[in-house]
Amino acid sequence: MPSVCFYFEVHQPYRVRNYDVFQIGRDHNYFDEKLNAEVMRKVARKCYLPTNAKMLELIERHQGRFKISYAITGVALEQMQLYAPEVVESFQKLAKTGCVEFVGETYYHSLSVLYDVSEFKEQVQMHAKLMKQLFGVTPTFFRNTELIYDDRIGREVAKLGYKGMIAEGADDILGWRSPNFVYKANGAPEGQDMALLLKNYRLSDDIAFRFSNRGWADFPLTADKFANWVHQVSGNGDTVNLFMDYETFGEHQWEETGIFQFLDYMPEAILRHPDWSFKTPSETVASYPWVAPMAFPRTVSWADAERDLTAWRGNEMQTRALERIFIIGERIKRRNNPALLALWRKLTTSDHFYYMCTKWFSDGDVHAYFSPYESPYEAFINYMNALTDLEDSVLQPARASGDDRQRNAAIS
Amino acid sequence: MSDSQRIEVLMLGWEYPPHISGGLGTACEGLTTALAPLGVGIDFVVPHLYGGEHAPHMRLSSPDVSLRALDPLAWPSNYAGDLGTLAEDPASQPPAAVQQAAATVALTRIPAFLSPYMRPEEYAFLIKALEAGDDTALRELLGPTAPLFEPGAAASASDARPGLDRRGPHYGDDLFSEVMRYAERVAIWSRTHRPQVVHAHDWMAFPAATRVAHLHGIPMIAHVHSLEQDRSGAGANHTIVNIEGAGLRAATRVVAVSHYTARMINQLHGIPFENIDVVHNGAYTRKTVSAYREESQDDRPMVLFLGRITFQKGPDYFVEAAAKVLEQVPNARFVMAGNGDMLPRLQHRVHELGIAQAFEFPGFVRGTDVERLFSTADAYVMPSVSEPFGISALEAMSYETPVVLSRQSGASEILNHALKVDFWDVNRLAAQIVAILRYPELRTSIVDMAREEVRRVHWEAAAVKVKRAYQRVLGGN
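Respectively, the protein sequence lines represent chains C and F.
Here the first sequence stands for residues 391 to 802, where the numbers follow my numbering.
Here the second sequence stands for residues 116 to 592, where the numbers follow my numbering.
Simulated from the structure, these hints should not be mistaken for lab results.
Accuracy of the hints is not assured; some may be wrong.
[Stated by the list, open to error] Straight-line C-alpha distance at most 35 Å; calculated DSBU-like pairs for lysine-lysine:
hint, chain 1, residue 1, chain 2, residue 2
1, C, Lys519, C, Lys486
2, C, Lys522, F, Lys582
3, C, Lys615, C, Lys511
4, F, Lys580, C, Lys736
5, C, Lys511, C, Lys486
6, C, Lys749, F, Lys243
7, C, Lys486, C, Lys444
8, C, Lys444, C, Lys615
9, C, Lys549, C, Lys615
10, C, Lys444, C, Lys522
11, F, Lys439, C, Lys424
12, C, Lys519, C, Lys483
13, C, Lys574, C, Lys522
14, C, Lys723, C, Lys549
15, F, Lys439, C, Lys749
[As the list claims (entries may be wrong)] From the derived model, a few chain C residues whose C-beta atoms are all more than 10 Å from chain F:
hint, residue
16, Phe398
17, Ala427
18, Arg435
19, Pro475
20, Glu476
21, Leu564
22, Ser602
23, Phe609
24, Ala711
25, Arg724
26, Thr748
27, Glu764
28, Ser765
29, Pro766
30, Asp782
All figures in this text were calculated on a predicted structure; none of them were measured in a lab.
Beta carbons: idealized from backbone N, C-alpha and C, even for Gly.
Assemble the whole structure, with the sequences as input and the hints as a guide.
Shown next as structure tokens:
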């Protein structure tokens, strides 16, 4: 009896403001509060609030047969609390239905697992604590930033006690195998086996990317058509894993495209087939035994056709910025200053490096990526200037004590 | 008309490489080189030819009467190697390419005074200096290597002062009569030709094109590389504006080098947008001249300004930004290459700011000096107040030098891999320069991407659009 596993990523970074070299040493506010507030309020209005309301309605309408899961980053939740607290409440309402699973990840949506494993663990624990505090449950399932995954990362996550993890169903990893089964992480430590759920990227992207594409042969996508594709998996798989950004609803696909009507009818269309149901990730791995271990010899993400890390570290600017932020982590921690630590961690968020990506520019297609900056170069300059200020004003031993006091005043 | 049909074009310019005063001659060379293979036959006419022009893809002429074949051995050294096109071996004089071209190119005896960018008062000053035999004054205005010398005389001489040709009936009393005389001579010259379209580059060639269009009853294309407004701002010369406007209105279609320029043409001269085709300039890709970088002894970072030192180019913003850059990068040096009416004022200003020791003013540079500057610069800055296109930004990119350019430029419409600023935002301009000097990864990433970009911005694309404009005025679609 196969099922559909829905998982949504909810994330908003703290965007770095236009911070030029002349502000170094003079101004320790790095983030664009105005822009961050605007984006959060806009996305809350267009996506989070209407979609949460729709999800709640669907869960009630289907009396527990419609189930979904979320990973909501700590930085997104912080900004919701600051700028749109009603969004947090609507997620709490969803949590109370018992039909929603909250998946763990790094609090800061960071690339820490690639640079600093102990920092990674701390950010994961912070996130788990926040989930417990806001939604009353400690996550047992995990997703890493941008679905970045390989065998080593699987091992680290398994060691933290997670029962399962979400990853990309990349073609070169799967080979002839199907993403529609439960797999096992390769090389997890003895006694700490961990399940893997792999994204069915074709069906996921039909909703997330192609839904409103008029050039697509299958446009328009109706719930019946989509349900029919899902039903075709019958007898040939246990689970259809549909993983996507939550902002698909109302933000990437505008309301005018009919995405909410699609969402409204889709559970019913899938449930019309008597064999099919919806399951959360934990229920999925509890229901189906894993069929085989799945090795990830290379690091995979869910980004672009390449499904690799080049969106975050594909050029020298990105590599340099990443090295520099993580290299000062230890010194930051030695300061024992919670506000400073939080500030540094906000700078580990993956989006900062994504904004520096130049690869979409190579074919002159500037509009293919979303960024608050005019160019990847501006993103890099702002970020590096902020980082220089952080190092100069906070970490210079000679001036440290006085500056620390000043900084506490400035950022608390 | 079909695509395969040959189109005969009479193209009117004001200068042709290597003897150029700005970007116009380079643009004409790039455009015609790419048009020729598309089945466009070009008669390119300029007021004066100096020899050394290399244009095997078309017929390059001057309407002057006193033409003679050139003895290649008679070339003074400063004719070689302009803007890198002939720079394979800067030491040879004249280079092989010049010798080869010399056989097909005619030469006039008129000295090189006229520049499409010259102010009428500069022209008057020049005429005076010429008549008085004041070479120092001429040098000041035209730059140290401008072709003042009459080639034959220069070659013959250990003569301490190679003679200028002052026999004078060849030039008019002022710039405007020179422009009108050019129009007359072109009209007369064109009677023995059968062009289908006349295509004129910038205002100085518009009266000639208008005459030719009327005479032959053929369509006229007015190609705008820069407007009087761009060059002079509020100080625009009304006569020039009038000649420009009359030419644009007489034209069947107008070609603008950027959307920026198209908007200006529409605002200033009321030409409707549907009569304007925007055709961005192209660029040549070059081999990086890494040898220059290696031989450079100076490891202080160098920031380059290269262009006319006039209002239009925003050189004052460069100086003000430099002072701010030096607060952050005290060992930076700044090279301002070029001549112009603002030069003395800026030299004074750098003293006033106390940053003269960081500045070099080499004057007008050409040939291998241009290559060396672009190759050794750590950043090229183009802070233009009003820049119809700004081909030097592409040039800098082709030498793998990162560019900071004014948003008020046509080039910024098509370039992604450059840092862009508003010319008046001196702080931002300085901040971007500092970023390039401070973060080597930024430079590497920009240069890596810019290399690809310059390859995409090529003259072939421009030529296709220009040919389409020809077909359109000839009654095709």
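Hints, one by one, checked against the model:
1. With a C-alpha separation of about 18 Å, the suggested pair C/Lys519 and C/Lys486 falls inside the 35 Å cut-off, and the hint holds.
2. Using a Cα cut-off of 35 Å, the hinted pair C/Lys522 and F/Lys582 is violated, with the two alpha carbons roughly 69 Å apart.
3. Only pairs whose Cα atoms come within 35 Å are accepted, and C/Lys615 paired with C/Lys511 is rejected, the gap being roughly 42 Å.
4. As the CA atoms of F/Lys580 and C/Lys736 are separated by approximately 49 Å, the hinted pair breaks the 35 Å bound.
5. At most 35 Å may separate the alpha-carbon atoms for a hinted pair to count; C/Lys511 and C/Lys486 meet this at roughly 28 Å.
6. Straight-line distance between C-alpha atoms of C/Lys749 and F/Lys243 comes to about 57 Å, which puts the hinted pair past the 35 Å bound.
7. A distance of roughly 15 Å separates the Cα atoms of C/Lys486 and C/Lys444; the hinted pair therefore holds under the 35 Å criterion.
8. For the proposed pair C/Lys444 and C/Lys615, the alpha carbon gap of about 21 Å is at most 35 Å, so the pair holds.
9. Taking the CA atoms of C/Lys549 and C/Lys615, the gap is about 41 Å. The hint is violated against a cut of 35 Å.
10. Taking the CA atoms of C/Lys444 and C/Lys522, the gap is about 24 Å. The hint holds against a cut of 35 Å.
11. As the CA atoms of F/Lys439 and C/Lys424 are separated by approximately 28 Å, the hinted pair is consistent with the 35 Å bound.
12. For the suggested pair C/Lys519 and C/Lys483, the alpha carbons sit about 19 Å apart, so the restraint of at most 35 Å is met.
13. Of the supplied pair hints, the one linking C/Lys574 and C/Lys522 holds, its CA atoms being roughly 27 Å apart against a limit of 35 Å.
14. Straight-line distance between C-alpha atoms of C/Lys723 and C/Lys549 comes to about 24 Å, which keeps the hinted pair within the 35 Å bound.
15. Distance hint between F/Lys439 and C/Lys749 is fulfilled; the C-alpha atoms sit about 33 Å from each other, no more than 35 Å.
16. The Cβ of C/Phe398 lies farther than 10 Å from every Cβ of chain F, with a closest approach of about 33 Å, so its non-interface assignment holds.
17. Every CB of chain F is more than 10 Å from the CB of C/Ala427 (nearest about 24 Å), matching its label as outside the interface.
18. Its beta-carbon lying about 32 Å from the closest one in chain F, C/Arg435 satisfies the requirement of being farther than 10 Å from that chain.
19. At roughly 36 Å, the least C-beta separation between C/Pro475 and chain F is larger than 10 Å, which holds for a residue marked as non-interface.
20. With a minimum CB-CB distance of about 38 Å to chain F, C/Glu476 clears the 10 Å threshold, and the non-interface call stands.
21. Distance check on C/Leu564: its Cβ is at least 33 Å (rounded) from any Cβ of chain F, clearing the 10 Å threshold; non-interface status holds.
22. Distance to chain F confirms C/Ser602 as a non-interface residue, since its nearest Cβ pair spans about 27 Å, more than 10 Å.
23. Even its closest Cβ contact with chain F, about 31 Å, leaves C/Phe609 beyond 10 Å, as expected for a residue assigned away from the interface.
24. Not every CB of chain F lies more than 10 Å from the CB of C/Ala711, the least distance being 8 Å, so the non-interface label is violated.
25. Annotated as non-interface, C/Arg724 keeps its C-beta farther than 10 Å from every C-beta of chain F; the closest such distance is 26 Å.
26. Distance check on C/Thr748: its Cβ comes as close as 5 Å (rounded) to a Cβ of chain F, failing to clear the 10 Å threshold; non-interface status is violated.
27. Not every beta carbon of chain F lies more than 10 Å from that of C/Glu764, the smallest distance being close to 7 Å; the non-interface claim is violated.
28. Against chain F, the non-interface label of C/Ser765 is violated: not every CB pair exceeds 10 Å, the least being about 7 Å.
29. Not every Cβ of chain F is farther than 10 Å from the Cβ of C/Pro766; the closest lies at roughly 7 Å, contradicting the non-interface assignment.
30. Even its closest Cβ contact with chain F, about 12 Å, leaves C/Asp782 beyond 10 Å, as expected for a residue assigned away from the interface.
Hint compliance for this structure: hints 2, 3, 4, 6, 9, 24, 26, 27, 28, 29 are broken, all remaining hints hold.
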